[in-house]
Amino acid sequence: MTIDVATIPPLTHGEAMQLLEAELERTIAALRTLGAADWTTQTDCPDWNVQAMYQHVLGACEAGASMRENVHQLLAARKHRSAHGGPLEAAISAVQVRERAAVGGPDLVARLAALAPRTVRGRRRIPALIRRWASMKVDGPVHERWALGYLIDTIYLRDLWMHRIDTAYAVGRTAEVTSTHDGRIIANVVAEWARRHGAPFTLELTG
Numbered sequence: 356m357t358i359d360v361a362t363i364p365p366l367t368h369g370e371a372m373q374l375l376e377a378e379l380e381r382t383i384a385a386l387r388t389l390g391a392a393d394w395t396t397q398t399d400c401p402d403w404n405v406q407a408m409y410q411h412v413l414g415a416c417e418a419g420a421s422m423r424e425n426v427h428q429l430l431a432a433r434k435h436r437s438a439h440g441g442p443l444e445a446a447i448s449a450v451q452v453r454e455r456a457a458v459g460g461p462d463l464v465a466r467l468a469a470l471a472p473r474t475v476r477g478r479r480r481i482p483a484l485i486r487r488w489a490s491m492k493v494d495g496p497v498h499e500r501w502a503l504g505y506l507i508d509t510i511y512l513r514d515l516w517m518h519r520i521d522t523a524y525a526v527g528r529t530a531e532v533t534s535t536h537d538g539r540i541i542a543n544v545v546a547e548w549a550r551r552h553g554a555p556f557t558l559e560l561t562g
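Position one of the sequence shown corresponds to residue 356 (my numbering), numbered consecutively onward.
Take the hints with a grain of salt, since some may be wrong.
20 angstroms max Cα-Cα, derived SDA-like pairs, lysine to any residue [claimed, not checked]: (1) LYS434 / ASP494; (2) LYS492 / HIS439; (3) LYS492 / GLU547.
So the derived label-pair ranges between C-beta atoms look like this [unchecked claim]: (4) HIS427 / ARG480: 12 to 22 angstroms; (5) GLY538 / VAL426: 31 to 41 angstroms; (6) GLY390 / PRO365: 34 to 44 angstroms.
Hints listed in this document are in silico derivations from the structure and should not be mistaken for laboratory results. All C-beta atoms, glycine included, are put in the ideal place defined by N, C-alpha and C.
Put together the whole structure using the sequences plus the hints.
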């Protein structure tokens, strides 16, 4: 099937939240199948095994569910960056993992399952004006300023999806994928990539 990427619409906030809710459900279902050895399996993310990856995900979801936690992580990340250098977003991830280092696999699953509805509600209810005007400076690997709405609707959704796929590869499982869910997320990635470079291309996706 051939698709003209110019016809792929951006995600709306409502659609992104529906995808987030479904992705959290798929993530939790996949994590419930993991054995003890799976949690210590190295992933393609150099510093993380599966457990550390989901300590990061849990931290991100807790920040999405609570403005107080979100502010705490941002302030702690700035201190981490002052001490260790590097991009702010990497410092946020480091703080999320460090502060949840004692949370093991089964507890990660339980906490994510309990937290997921609050994370979706917390992100869904952020007013459009704040999503449009609040922003975060990104300083690696790209150097841009991202609107809060772009972070919530695009980056955080992709991050959660990507880590589910990362985990499937790491532990040798087949990830659950569908054209309506995963296909929509991938199409959004391709459409944004095309808008950024603006050059003619043909892209063939397999798998």
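We went through each hint and held it up to the structure:
Between LYS434 and ASP494 the alpha-carbon distance is near 16 angstroms, which keeps this suggested pair within the 20 angstroms criterion. Restraint check for LYS492 and HIS439: satisfied, since their Cα atoms lie roughly 18 angstroms apart, inside the 20 angstroms limit. A hinted pair counts as satisfied when its Cα atoms are at most 20 angstroms apart, and LYS492 with GLU547 qualifies at roughly 19 angstroms. HIS427 and ARG480 have their C-beta atoms about 20 angstroms apart, which keeps the hinted 12 to 22 angstroms range intact.
As the Cβ distance of GLY538 to VAL426 is approximately 36 angstroms, the hint placing it in 31 to 41 angstroms holds. For GLY390 and PRO365, the hinted distance range of 34 to 44 angstroms is satisfied, since their beta carbons lie about 39 angstroms from each other.
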